[in-house]
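The listed protein sequences derive, respectively, from chains U and V.
Per the UniProt record's numbering, numbering through the first sequence is continuous, rising by one, with the last residue being 317.
Per the UniProt record's numbering, numbering through the second sequence is continuous, rising by one, with the last residue being 700.
Keep in mind that the hints were calculated from the coordinates and are not lab data.
Honestly, I wouldn't trust all of these hints.
[What the hints assert, rightly or not] Stretch by stretch, here's where chain U covers chain V in the computed footprint (C-beta under 8 angstroms, at least three residues):
# : segment
1 : 550 to 560
2 : 619 to 633
3 : 676 to 690
None of the values given here were measured: they were computed from a predicted structure.
For glycine and all other residues, C-beta sits at the position ideal for the given N, C-alpha and C.
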Amino acid sequence: LMACSSVLLTFKHLLKLLHMSVFSQSFSPCGRFLAAGNNYGEIAVFSLSAALSPDASEASQKPILNFTAHDGPVFSLLSTDTHLLSAGNGEISAWSWAETSLEIPEINAMIINPKDNSLIVGGGDNNIHIMDMETGIFKSVLKGHTDYIHCLCFKEREEEILSGGEDGAVRIWDARTNRPVHCIEVFKYEECARPQFGKWISCLATDSDWMLCGGGPSLSLWHLRSMSPTSVFPLPGCQREAVFYQDLIMSVGEGPHVSHCLHGGTVKAQIPCTPSSLNTLALNLKNSEHRVMTVGGSSHQIDVFTNFSYRAFSLSF
Amino acid sequence: MSSDAVKKRKPKVIRSEAGAPETKRGRAEGDQVTYPAGPHLIGQRKLFTAKNQDVRVYNEEVELEVRDPQQDYMLYKDTCAALAKLMEEIQELKAGGAKVQSVEIEERRTQCSVHFITLKKLNRLAHMRLKKGRDQTHEAKQRVDVLHLQLQNLLYEVMHLQKEIGKCLEFRSQHEEIELVSEEEFFQEAPAEISRPHVTRDDQHQLTLARLDWELEQRKRLAEQYKMSLARKEKIQKAIEQKREYLSSLQPGLQNIMQASLPVQEYLAIPFEHMQKQAEVARHLPPPLYVLLVQAGAYGQACDKNLSVSISGDVDEAKALSRPPEDSQGTSVGATEHSQTLIFFSSVQLDDKRKEMLRRHPLSLCVDLKCKDGSVLHLFFYYLMNLNILTVKTKVSTTTDLSGAVSAGELLNSESLLNCLYASDHGKETPNPANRYQFDKVGITTFGDYVSDLGHPFVWVQKLGGLQFSSGGAQSGLTGSALSASHMERTMKLLRGRLQARLALHKQFSSLEHSIIPVSSECQHLFPAKVVSGLVRWTTMSCQEFTELGFVQHVLKAGLVHETDLFFMATVERGTARLRAAVVMNPRYPDVAPLFSLSLHWKGERSGRTDDNLQAMESEVNVFRSELQGPRPGLQLLTNQIQRLCVCLDVYLETESQVCDGSEGPKEFPREKMCLRTARGPSRLKPFKYNHPQGFFSHR
Numbered sequence: 001l002m003a004c005s006s007v008l009l010t011f012k013h014l015l016k017l018l019h020m021s022v023f024s025q026s027f028s029p030c031g032r033f034l035a036a037g038n039n040y041g042e043i044a045v046f047s048l049s050a051a052l053s054p055d056a057s058e059a060s061q062k063p064i065l066n067f068t069a070h071d072g073p074v075f076s077l078l079s080t081d082t083h084l085l086s087a088g089n090g091e092i093s094a095w096s097w098a099e100t101s102l103e104i105p106e107i108n109a110m111i112i113n114p115k116d117n118s119l120i121v122g123g124g125d126n127n128i129h130i131m132d133m134e135t136g137i138f139k140s141v142l143k144g145h146t147d148y149i150h151c152l153c154f155k156e157r158e159e160e161i162l163s164g165g166e167d168g169a170v171r172i173w174d175a176r177t178n179r180p181v182h183c184i185e186v187f188k189y190e191e192c193a194r195p196q197f198g199k200w201i202s203c204l205a206t207d208s209d210w211m212l213c214g215g216g217p218s219l220s221l222w223h224l225r226s227m228s229p230t231s232v233f234p235l236p237g238c239q240r241e242a243v244f245y246q247d248l249i250m251s252v253g254e255g256p257h258v259s260h261c262l263h264g265g266t267v268k269a270q271i272p273c274t275p276s277s278l279n280t281l282a283l284n285l286k287n288s289e290h291r292v293m294t295v296g297g298s299s300h301q302i303d304v305f306t307n308f309s310y311r312a313f314s315l316s317f
Numbered sequence: 001m002s003s004d005a006v007k008k009r010k011p012k013v014i015r016s017e018a019g020a021p022e023t024k025r026g027r028a029e030g031d032q033v034t035y036p037a038g039p040h041l042i043g044q045r046k047l048f049t050a051k052n053q054d055v056r057v058y059n060e061e062v063e064l065e066v067r068d069p070q071q072d073y074m075l076y077k078d079t080c081a082a083l084a085k086l087m088e089e090i091q092e093l094k095a096g097g098a099k100v101q102s103v104e105i106e107e108r109r110t111q112c113s114v115h116f117i118t119l120k121k122l123n124r125l126a127h128m129r130l131k132k133g134r135d136q137t138h139e140a141k142q143r144v145d146v147l148h149l150q151l152q153n154l155l156y157e158v159m160h161l162q163k164e165i166g167k168c169l170e171f172r173s174q175h176e177e178i179e180l181v182s183e184e185e186f187f188q189e190a191p192a193e194i195s196r197p198h199v200t201r202d203d204q205h206q207l208t209l210a211r212l213d214w215e216l217e218q219r220k221r222l223a224e225q226y227k228m229s230l231a232r233k234e235k236i237q238k239a240i241e242q243k244r245e246y247l248s249s250l251q252p253g254l255q256n257i258m259q260a261s262l263p264v265q266e267y268l269a270i271p272f273e274h275m276q277k278q279a280e281v282a283r284h285l286p287p288p289l290y291v292l293l294v295q296a297g298a299y300g301q302a303c304d305k306n307l308s309v310s311i312s313g314d315v316d317e318a319k320a321l322s323r324p325p326e327d328s329q330g331t332s333v334g335a336t337e338h339s340q341t342l343i344f345f346s347s348v349q350l351d352d353k354r355k356e357m358l359r360r361h362p363l364s365l366c367v368d369l370k371c372k373d374g375s376v377l378h379l380f381f382y383y384l385m386n387l388n389i390l391t392v393k394t395k396v397s398t399t400t401d402l403s404g405a406v407s408a409g410e411l412l413n414s415e416s417l418l419n420c421l422y423a424s425d426h427g428k429e430t431p432n433p434a435n436r437y438q439f440d441k442v443g444i445t446t447f448g449d450y451v452s453d454l455g456h457p458f459v460w461v462q463k464l465g466g467l468q469f470s471s472g473g474a475q476s477g478l479t480g481s482a483l484s485a486s487h488m489e490r491t492m493k494l495l496r497g498r499l500q501a502r503l504a505l506h507k508q509f510s511s512l513e514h515s516i517i518p519v520s521s522e523c524q525h526l527f528p529a530k531v532v533s534g535l536v537r538w539t540t541m542s543c544q545e546f547t548e549l550g551f552v553q554h555v556l557k558a559g560l561v562h563e564t565d566l567f568f569m570a571t572v573e574r575g576t577a578r579l580r581a582a583v584v585m586n587p588r589y590p591d592v593a594p595l596f597s598l599s600l601h602w603k604g605e606r607s608g609r610t611d612d613n614l615q616a617m618e619s620e621v622n623v624f625r626s627e628l629q630g631p632r633p634g635l636q637l638l639t640n641q642i643q644r645l646c647v648c649l650d651v652y653l654e655t656e657s658q659v660c661d662g663s664e665g666p667k668e669f670p671r672e673k674m675c676l677r678t679a680r681g682p683s684r685l686k687p688f689k690y691n692h693p694q695g696f697f698s699h700r
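Input sequences plus hints: build the corresponding full structure.
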């Protein structure tokens, strides 16, 4: 009888792994741990130091902590100095890189405004909410998008919030006055538009004057001063996350590879990965010992790149 | 001439030479002849003497006694010398020229004649003397002979007598072998006329006689008694015979009563006789089958009225087996010393050895499980004596004809019906590790070859028979009846569940093949009222065909596919879109859910690996299947899963055109489903979750 039930358990587990997608990642403040969230609402914490150590075994590629955080998928994770914030269906939980939780309302993206210590949340209700981290009260709501918000990013120098949404618009907001500054409808630009895919914007990244955005339209690099696209990257799938790293642009999306691109618009390399399509890419820059890039997507495995040119090993739920 | 004359004269002269022929005759006739030979001659002599009394009788015999032999001998010599001398003289004279007729010669001749006559007389005398001597000797001899004879006779008689004495002395009379009562007893018991103590105390011979007499008396008496007892015994024997006949005449009467009571037994639901008969046969069952019989019967009585057990097979053969054990184990053990020499054995011998090893006990158990709808699962349990394992064969009988569904061919196949009743219990190999050595001896490589013949040796069958083999994982300390009892309920429930699941599937398949997805009323709430996508094909696949499909590799890699699984392909179509679903069904359905892998052919080929939404659809049917179980015992899982796939395809196709903006022209699939949002989350998944009773679709 015992044997039967344990077989059933592993079968269920295997089924879950087959249909798993990793949507979000976040490194701990010390840089020694990686937290990842999947579509079952589970968060797994992996010990990077264990996985990267010379005598790492298969066991060290398994999570050190695995818990169900939410009912729905965990689309975004964010680490603060003391807490890991995870977002489920209409709720945000904060877990201390020690342990607690509080609850709030569907959230696809979260960023922090370090200047006034506020949490900026973009979600399924088409609005951006700003919450004061100390008091936990929502200060303001930025309305403007006509469809749900996919991604957020923050320009520190100008204190501007950028948001990309399903409606295909990238809106720029002033964080101090909470007013919309610009609205770019990317799909209207011929160079970027890909009508066969759609108009949604699923990834945003900024680096002072530059902005990366992509999704249904091709991934493109924009100069914010002139509000025009300077290069368009000929990547075949829809990109879901992109980052600036040194003088490279790395992006992941549909297709089992990480794309390394140059500012000029050329695709330098496409590094193959285990999942058949990727949802999240994270770089561990806080800790020089464990400098890795990790990607997760539609698989139960998270690929770890120690040298960004090739995959080193995989962590598994 | 004178000699002639003498000769001529012989017959005329009667001499007493008559004695000579007598004696001659006497001698010729042997020793025992006595005197009276030739009485006529004696008579004749006497006659002559009588006649010629005055004639001078020349009786030489008388003369013989007078004369001296020595003198006669001297005379003879002289005569011979004189004769010789005369002859010489004659010779001289004749030589001197004298005539034959001269006087000297004549004189001499006459003298010679006289000498011859003397010689003749001497010869006669010698003869007579000889004869006389002979006669005397003969007489003496005769006398000696007579005496000798007497001596012999006496000696012979002595010897004879000695022998007789010896015999008499050795004579063992039979009376000594008879054990006689001891003397004291004899004197005590015997009546006076027999014992005659006054005589017998002194005389041993008499005593013995008396004792023998007494013995005889006693024996006679005892013989009488014996005869009487014999007669009595005969009588009693006859009486017994009579009584026996009477009893046997009762037997048919009792049988009739028993027969007549059967309806009563049935009416009262005490199948007494049937049980008795069964118990009678059950005594010859081998132990594991007996345990199974007892436990199954007990379970049936206590918990499950629809379970029945019966014994079938040849009871006589079973009885023959249980008699003085011919060690059938021995033949397999002592078969060969070295396995390699098997190669050189004739194949006939090997076949026989194999057959012997795989021999089944002549008795088998038949367990029938009846279901509510009337179908029955027949299980036949066999015991392989040399291998000490139980095997089972199955048969399903249904009230309705089940020939409808082509794809359902494998479902009720008796070979695979009971596969994996418990996880990974394939029943292809023997669970008894000792059998490995036995198989090596007769060259059987795998038991799987014989399974279709002999039945499947599942582990649960062994457990039901109380047989525990050490190769298993978790070991309970139970054996025998306790082991059987602990597994009985669960196994029976599983068996019933299996039969019902398969029958339900059978019905469902025949409906699916007609492109109708049978959704029962209890499950209607899981799906919207209008479902446009429809099932167009439902076929079965082989394991080979399944593994060759491109979009199932992830399932294979994850090790979720086994050879014992059943494989199917469902095709759902709507408009130009065609969705293919490859289904892996574990034999333990519905405890283990079927696994779907999707591939969509619409404006290109997509699968669950390439399209996140298809993966989401897969998880809708695979992972969230607990919603789709339907009413217990969850037999509608498969059909509900297929229905959900159709619903999800509807949503997929209708929302696809919504999401891909910018494409001009009419949408192929107008939106009919109510969705709050068509995309959500970073991967922009479609709303596949149906909410009842509001009737809209949302995201999980």
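Evaluated hints:
Restraint check on the segment 550 to 560 of chain V versus chain U: 5 residues with Cβ-Cβ distances below 8 angstroms, three needed, restraint holds. Remark: the segment 619 to 633 of chain V is confirmed as covered by chain U, as 3 of its residues place a Cβ nearer than 8 angstroms to a Cβ of that chain, reaching the required three. With a cut-off of 8 angstroms between beta carbons, the segment 676 to 690 of chain V has 7 residues touching chain U; three or more are needed, and the interface restraint holds.
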